[in-house]
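Residue numbers (the numbering used here), protein chains in the order written: chain A, 1 to 663; chain B, 1 to 663.
Hints are computed from structural coordinates only; laboratory data are not their basis. Note that the structure is a prediction, hence the values are computed from the model and not measured. Some clues are possibly wrong.
No copy labels: a pair is met if it fits in one copy or bridges any two.
Claimed, not checked - In silico DSBU-like cross-links for lysine-lysine, where the CA-CA straight-line distance does not exceed 35 Å:
| # | residue 1 | residue 2 |
| --- | --- | --- |
| 1 | 56 | 342 |
| 2 | 56 | 5 |
| 3 | 108 | 136 |
| 4 | 523 | 416 |
| 5 | 357 | 400 |
There are 2 protein chains.
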Amino acid sequence: MTFPKDGRCRVVVERISPEIDAGRFSIKRVVGDTVRVEVDAFVDGHDEIRVVLLHKRADETHWHRQTMQALGNDRWLAEFTVDRMGHFNYTVEASVDRFRTWRHALKKRLEAEQDVSLDRLAGEALLSAVLSRADKTGRSKLTSWLSVVRDGSVNDLKELVVSADLLDLMDAFQEAEFPTRYPRELTVWVDRPKARFSTWYELFPRSATSSPSRHGTFRDVIDRLPYVHSMGFDVLYLPPVSPIGTSFRKGKNNALTANPDDVGSPWAIGAVEGGHTDILPALGTLADFHELVQEAGKLGIDVALDIAFQCAPEHPWVTEHPEWFRKRPDGSIQYAENPPKKYQDIYPLDFESSDWKGLWKALKEVFESWIERGVTIFRVDNPHTKAFPFWEWCIAELRKQHPETLFLAEAFTRPKVMYQLAKLGFSQSYTYFAWRHTAWDLREYLTELTTTEVHDYFRPNFWPNTPDILTEELQHGGRAAFQRRLVLAATLTANYGIYGPPFEHCWSAPREPGSEEYLDSEKYQIRTHDLDRPDSLRHFIARVNRIRRENPALQTDDRLVFHDVDNPRLLCYSKSTPCGANTVLVVVNLDSHNVESGFVQIDLAALHLTENEEFLARDLLNDQEYIWRGSRNYVELSPFATSAHIFQIRRRRHTTDGEVRFD
Amino acid sequence: MTFPKDGRCRVVVERISPEIDAGRFSIKRVVGDTVRVEVDAFVDGHDEIRVVLLHKRADETHWHRQTMQALGNDRWLAEFTVDRMGHFNYTVEASVDRFRTWRHALKKRLEAEQDVSLDRLAGEALLSAVLSRADKTGRSKLTSWLSVVRDGSVNDLKELVVSADLLDLMDAFQEAEFPTRYPRELTVWVDRPKARFSTWYELFPRSATSSPSRHGTFRDVIDRLPYVHSMGFDVLYLPPVSPIGTSFRKGKNNALTANPDDVGSPWAIGAVEGGHTDILPALGTLADFHELVQEAGKLGIDVALDIAFQCAPEHPWVTEHPEWFRKRPDGSIQYAENPPKKYQDIYPLDFESSDWKGLWKALKEVFESWIERGVTIFRVDNPHTKAFPFWEWCIAELRKQHPETLFLAEAFTRPKVMYQLAKLGFSQSYTYFAWRHTAWDLREYLTELTTTEVHDYFRPNFWPNTPDILTEELQHGGRAAFQRRLVLAATLTANYGIYGPPFEHCWSAPREPGSEEYLDSEKYQIRTHDLDRPDSLRHFIARVNRIRRENPALQTDDRLVFHDVDNPRLLCYSKSTPCGANTVLVVVNLDSHNVESGFVQIDLAALHLTENEEFLARDLLNDQEYIWRGSRNYVELSPFATSAHIFQIRRRRHTTDGEVRFD
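Isolated chain A (complex conformation) (with noise of 0.2 Å):
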């Protein structure tokens, strides 16, 4: 016959939220958020629990104290901020609690004039043993509490049950008896804001050229900060920048053979100039690099690297390091290939190597040499088709030194994959977005991604096209399309990119029909871009960027609200700062070629507002502004202005002298 350790131990404490996969994971916040810890905790009969939130820094020794409260049905709650990066523990304790359980009895038996004589006697002993334990202040306070149980007067009783300042005295000195403590200790991962919000801009340095025939350079890259810069972005993307292998190299528009003359894919990596820390001869050098993060960063824009784990024939590793590749039955090394097809242009590396230890640490040193050089932003290319242990290991090892790197996932595959990585410590990914027209779609991808579990691990980065992303919508919705999507992208979800000037320039030529590359892409071929072309949409994305700097209800993926619209080419979201002193009600016509009304229905408890109150609504694409009243709203969108209404809700206001102002 066995027993537990101490069967008195007789609160329960359970589901504790969030928590990934019985805490195997940890959640991702930023730093100066806040984390809201919920649990069930309950204990048999009548007696009354206290039940704390524990909480530290993963450096710190002792944890930090916090009582939760009551939500009902059993379920606690309490908050901590997390105040700088790095790691932070959190999880729960429960004991019941003599001094409440004392409390609520005397509290029943004053309201049914019962005899209190034995209470009196109880709490003394209560008291007293909490005395020894209290500082100077607290001992001072409970002596005095001490001398009301012992011989106050019926009403100092009932002023002593409800009062807080003795309730707290006890929080903070009474020794929990027989404690349960959950079972596991939880983690959050805490990155620098950027990692919430973010605003990217992707672009091909061998294009930012005047002519096809001139390979552009970091040095005009940097001539084109200014312009990035002034359509409000803030994260630079670059493809890679690393030399570029000739076997197998292929042709404008993916062609099979590459003309002598041919600029190869960027994702070609290495050659005889050298590896994946290395950089392309046409592009500069490493001066030149380094000149382009520093000018960046001036602008408060940070450069972000394409990390793609793959080799080109010519990469120094496959020389040093053929254990690193796998063989063919034939001895030769193996190319990419998804049966049928073959990329005999790329060899994949082999997670499964006896050298896996040493593959894994040159690639982390590929990430810290970056590092060096001013990188901490990363994209990284596939990373869906490298080992998972080996991301959970890397970003591990990368963040002991550099809590302030973020990683960008490219995986467009199955959503487990894709959740599984960010999981495993990718602070951003790429989605389905792109690929999400209707507005019940969008709904339902946006309320999976920002309503249930996923949100707390798994931070959406939308993208409306990419280099390899030219949906049949971009193609065939014109205009409309573009700033349709811009504002989907860049309010939907607070970290969001574009490919340009393909975007503001409104490229829709697909390679052939039916596909979604580019034609003449820029992958395979040096084009050049005129940045002063009237019809650019630069100006429509700095003003939809400024909207973003400016209403700290669109820096978050946090409380994004779906209100019901009678017409389902509209839709309809709001998102506001957690009191709504900032409010952002956005509604976009989903229709390229036609005009579409409709009345909207407001949910505006979620807005902050009552039923029958005025309010303003000043779109900030256009500066007009209407004022509403009650939840049901006509709106009427044209795809010859701009689709979308950007509106900021004010809230109105009786000023003393008697003006009416909107704030």
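Here the structure of chain A is known, so what remains is to put chain B in place on it, guided by the hints.
Using the frame of chain A, we list chain B on its own:
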């Protein structure tokens, strides 16, 4: 820099279901049940994986291995059967499947008419490696497959890549390389079938008498067994049969002072005659009790006993083990109270006693003494006012020797507390059923009980009445309400019970208006019952219980489906066996006073019927038959008849001789 143990274990295995609280608790099944296990499993890249369910009896040393089937979206499924009482374990292991990956690539290349000579070489290596691990038959089969791989025609290879035979061979003998095991082993507790399907009848032995002046005995109960059996009950549950305390004994109708001839409440346990393991002399002897258990057993009836862990002031423990009780500040023993209410006839046990181990042992011995006397079903009184760790320990300890024991938790309290008791080991639980009247309430509650995780550990036992619960609905609804509540209890859940004869005699008088207590309750006095009353529901009850016995669909809480009705006063639901061999459709009129009619919108798929098929609905309550077609069907139910249909649904079948039958 630390590395994981083997970074080459690339497959992710997560989110097994069923799993309760990260494996903290067992799921429950009965002998013969199937456990359906699902899991997420996936790997980076394009490799195929093999996912294997591992399961075993807890006392087996080796796992049984079973290949899981892909459900799509990286979810996998397999089932296993639990064939005896006790604990079973299960978990999942997955690995990259070299053979499936090779086979898939070969298939694609064959379809694209590419060269496959390297595939032949790789396949040869794969099959040869397995050869040495195969048994004799396997070796012989593999050898001929090997020659196909080496020299077979393209057509031979096309057969090979779809061969189930070769796949089975490889599954049987291929060694998993770099396998990933789910981090936890999970547990099933397997009960005897009565845990899932039982029909309870509660009676007061003291009232099994013909005169209120003569105390009923166990021998009287033996005489009443044929009556109980004739109604189809298979559990006869008795309130406590131990000596009843005299101090502060409650009089008739819970009066604070008793008359000398008042018999007291059976729940005030303990007197000079003894405590929890002793028998109240007025009921008879231990030999009588033993005979009752024997005679009941001959009719397939289990005698279930009420275990109420609380003591009357004269209980032997009070003097022998004063340390098992809490002291008041004046040194007296703490009686039960819920301020301002006092229950001075009862001393609760102190689960925080310094001798908690001694107390636990004594309580366990109470169960053991009754198990020795042939009782293996216990109805536990107010388990939620005793420490949770005690129940987990006690039930587990008892089941080591007696896996056949069943425990019904009588906890009418907050949902999470009730669920916790079920998690800790209680086999069945009282519920909120008595207070769920409307179609919406019943549907919501049953959906929670039968379709959420709760279904894996909480077995509801529905009681229309108990000695403590005479609902308003029964007080005012007349005979219709009793019939309705019986049908609901008996067909919504597989475990149900009634407190009789008050139930079959439709007792409806409360102690006072607004009370749920019976007037002149048997809890405090002897009552007599004329079992042959012409208005008795005994024959109706017998019919309903026969329907339960004859329809396996009603013997489980699985596959309960609600069907929409256009009248909120009508509730419609069905249950069916896994493949639909037995299907029961129930329609209940929830109004006690009015005829209600409406159209039922039947979910035909849930009934294993197609859209335009004719089917027979045979009402098992009155043998009337209806031929229906399609999903929309009219029903009309009168409270002056039986208030319910219990249809057995039969499909139309054309026999060879041209006749039409339904079966």
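Hints and how they fare:
1. 56 x 342: Classified as neither; 51 Å inside a copy, 44 Å across copies.
2. 56 x 5: For residue 56 and residue 5, the Cα distance is within 35 Å both inside one copy (27 Å) and across copies (29 Å).
3. 108 x 136: For residue 108 and residue 136, the Cα distance is within 35 Å only inside one copy (32 Å; across copies 80 Å).
4. 523 x 416: Answer is within; shortest intra-copy Cα gap is 29 Å, inter-copy 58 Å.
5. 357 x 400: This pair counts as within: shortest intra-copy Cα distance 18 Å, inter-copy 48 Å.
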